[in-house]
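Participant: Kindly generate the complete structure, drawing on both the sequences and the hints.
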Amino acid sequence: MAKSLYEKVWDAHAVRQLPNGATQLLIGTHLIHEVTSPQAFGMLRDRGLTVKYPQRTFATVDHIVPTDEAQEPYSDPLADAMIKALRQNCKDFGVTFFDTDTGKQGVVHIVGPEQGITQPGMTIACGDSHTSTHGAFGAIAFGIGTSQVRDVLATQTMAMSKLKVRRINVDGALRKGVRAKDVILHIIMKLGVNGGTGYAYEYAGSVFDAMTMEERMTVCNMSIEGGARCGYVNPDETTFNYLKGRPYCPKGAAWDEAVEKWRGYASDPDCQYDDVVNINAADIEPTVTWGVTPGQAIPISANIPMIADLPEDQKGTAVEALEYMQFNEGESMKGKKIDVVFVGSCTNGRFSDLEEAAGYLKGRKVANGVKAICVPGSQVVSMIAEQKGLHKIFMEAGFEWRGAGCSMCLAMNPDKLVGDQLCASTSNRNFKGRQGSITGRTVLMSPLMAVAAAVTGEISDAREVFGL
Amino acid sequence: MSLPAIKQVTGKGVYIPGDDIDTDRIIPARFMKCVTFDGLGEFMFYDVRHDPQGNKRKHNLNDPRFAEASIIISGNNFGCGSSREHAPQAIAKAGFKAVIAEGYAEIFFGNSTQLGIPCVAVSAADRAKLAAAVEADPSVEITVDVDKLEVRFGGQSVPCTMREANRDALLSGRWDPISDLIAGAEEVAAVAAKLTYMQ
Numbered sequence: 001m002a003k004s005l006y007e008k009v010w011d012a013h014a015v016r017q018l019p020n021g022a023t024q025l026l027i028g029t030h031l032i033h034e035v036t037s038p039q040a041f042g043m044l045r046d047r048g049l050t051v052k053y054p055q056r057t058f059a060t061v062d063h064i065v066p067t068d069e070a071q072e073p074y075s076d077p078l079a080d081a082m083i084k085a086l087r088q089n090c091k092d093f094g095v096t097f098f099d100t101d102t103g104k105q106g107v108v109h110i111v112g113p114e115q116g117i118t119q120p121g122m123t124i125a126c127g128d129s130h131t132s133t134h135g136a137f138g139a140i141a142f143g144i145g146t147s148q149v150r151d152v153l154a155t156q157t158m159a160m161s162k163l164k165v166r167r168i169n170v171d172g173a174l175r176k177g178v179r180a181k182d183v184i185l186h187i188i189m190k191l192g193v194n195g196g197t198g199y200a201y202e203y204a205g206s207v208f209d210a211m212t213m214e215e216r217m218t219v220c221n222m223s224i225e226g227g228a229r230c231g232y233v234n235p236d237e238t239t240f241n242y243l244k245g246r247p248y249c250p251k252g253a254a255w256d257e258a259v260e261k262w263r264g265y266a267s268d269p270d271c272q273y274d275d276v277v278n279i280n281a282a283d284i285e286p287t288v289t290w291g292v293t294p295g296q297a298i299p300i301s302a303n304i305p306m307i308a309d310l311p312e313d314q315k316g317t318a319v320e321a322l323e324y325m326q327f328n329e330g331e332s333m334k335g336k337k338i339d340v341v342f343v344g345s346c347t348n349g350r351f352s353d354l355e356e357a358a359g360y361l362k363g364r365k366v367a368n369g370v371k372a373i374c375v376p377g378s379q380v381v382s383m384i385a386e387q388k389g390l391h392k393i394f395m396e397a398g399f400e401w402r403g404a405g406c407s408m409c410l411a412m413n414p415d416k417l418v419g420d421q422l423c424a425s426t427s428n429r430n431f432k433g434r435q436g437s438i439t440g441r442t443v444l445m446s447p448l449m450a451v452a453a454a455v456t457g458e459i460s461d462a463r464e465v466f467g468l
Numbered sequence: 001m002s003l004p005a006i007k008q009v010t011g012k013g014v015y016i017p018g019d020d021i022d023t024d025r026i027i028p029a030r031f032m033k034c035v036t037f038d039g040l041g042e043f044m045f046y047d048v049r050h051d052p053q054g055n056k057r058k059h060n061l062n063d064p065r066f067a068e069a070s071i072i073i074s075g076n077n078f079g080c081g082s083s084r085e086h087a088p089q090a091i092a093k094a095g096f097k098a099v100i101a102e103g104y105a106e107i108f109f110g111n112s113t114q115l116g117i118p119c120v121a122v123s124a125a126d127r128a129k130l131a132a133a134v135e136a137d138p139s140v141e142i143t144v145d146v147d148k149l150e151v152r153f154g155g156q157s158v159p160c161t162m163r164e165a166n167r168d169a170l171l172s173g174r175w176d177p178i179s180d181l182i183a184g185a186e187e188v189a190a191v192a193a194k195l196t197y198m199q
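Order-wise, the sequence lines are chains H and U. The first sequence begins at 1 in the numbering used here and counts up by one. The second sequence begins at 1 in the numbering used here and counts up by one.
You may find that some hints are simply not true.
[Said to hold, decoys possible] Which chain U residues face chain H? A few, computed with CB under 7 Å, are given here: (1) Val35; (2) Gly39; (3) Pro52; (4) Ser82; (5) Asp180.
Bear in mind the hints are in silico, worked out from the structure with no lab data behind them. Quantities reported herein were computed from a predicted structural model and do not represent experimental measurements. Quick reminder that beta carbons are idealized off the backbone N, C-alpha and C, glycines included.
Facilitator: Dropping the structure here:
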């Protein structure tokens, strides 16, 4: 019978049905970080359990890492305690730790792919909702809670109910200035922030076929913002070319065998989906959020919706969002003065994101009064960017060039908005208070759009700013 | 380890209005700089309950009339966003034993089940009825009946839903699956042996 990638990977990893009706699912690759793992290690110690497959668990530190302070102890004693706890846990339980002195540390969802740990056909879990990122490789990858981190550490499995699969076809050619970030913001805008609840999203169509791996990661990363616990793209030559030669990938004859196996995981052409959504690529514009959920978004040429025009069930949150954002219904997002620009995060902190941003920044300056920071997603990204001189372009334009980490995406570190600052951000969440100030305001957008905002000092249409 | 079956939860309710209440709102990230879950209860919905100066805002969670509440009533897509288990941990540590909402984000729902917190879904109309009932009389007793899939309050009864596997887990006292997962070790090894990347 024809199967989707989701079903094939599920079947290859399903161990048995548990007495409670859920499936015991083998998690082939487990990624951990400092925020959601210490309690899980504590639970192991309490129960006298060990890490069952330590060679399949990989750790790094990202959320709490200060991006402007390399030396320990960190000024924040709580952050310092967290990195030390992770280091000790990895040592005690035999887990590989991409520590800050390895040159490989970074945001966990950037480290996994760049080390070649993330591969097609895997099940991947991590105590972090943006684990959906790894689906870009044709893996089934999803975020889990800390008790499940404990389960995976102790047994390499967890209890899981099978999801339905929705195929999202985006066909046609993207218009000028439209990036992967716009594609996923558009999808969430159309299907809603809970439209994907109960589903895995399979992204397909000519737009995804043409995307680079880094672009696919940007899209899969935000699947969870659409309510889908995981999202994936079927593996193809683009996937294999990206992975070839990476440290944790098979070599030689084993590589050829792996590629054959990976190819076989792709959804069969005639498989059945629980739902199919078709989107015309030409309908997608550079997209920005105006509210406090990633679904409260508009094409940059449109105006913030009138409350009366919204479906009944969206009116309440829209009114609440506009009050928080200090915006009015019916107005344009263009021209809104910004205070901060953040380029980085597991959504848009990879080399290609920085390269594009630098390309448009070259010879330009950040507008007066705007604080702009660029935070490479990993030490590897940082190293490559510096080899190519991108850091100089950022700094000459007036950006701060930082060390690798989650930074201002969630502000569990010193990078935070202050007061009700408005931030043009390449991250993934515009929730109230998300960027570290309880009145701080976030507008999500692509790196291209963020750079346009940086140089004009206001939310802008990058196509107009850069003559695209 | 044997766990109690959770067939129903009875208590007073508090209404937390709004849809898409994300886990950053339930427990802001700055309170997650910790290596245990201890003490998270006091920070539950901290920024919803306090203004930037730390003064208490006017909110049901600050209203003494709802001080005894142990059941949260809220809107759609409750618990969206981050996978942080700190959110249901904070809810549990603040003394809440069940959630009634129009719908839940996937990860929050699963995390809550695993902590033994039933999260049942009701229609928007029934959520409104419940909210009105507790607003009118905060002492009204609410029963979340996981077994019969209904919510009873003040002489009324409304239907609720819950994903079957999670419901079974609560009813059978298997909501924390660790013992069952450990028991499957041999079968796990057999499945792992068939996967090249696990070798």
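Participant: Now tell me, hint by hint, if it's right for this structure.
Facilitator: To see whether the hints hold, each was checked on the structure:
no.	hint	verdict
1	Val35	holds, 4 Å
2	Gly39	violated, 12 Å
3	Pro52	holds, 5 Å
4	Ser82	holds, 5 Å
5	Asp180	holds, 5 Å
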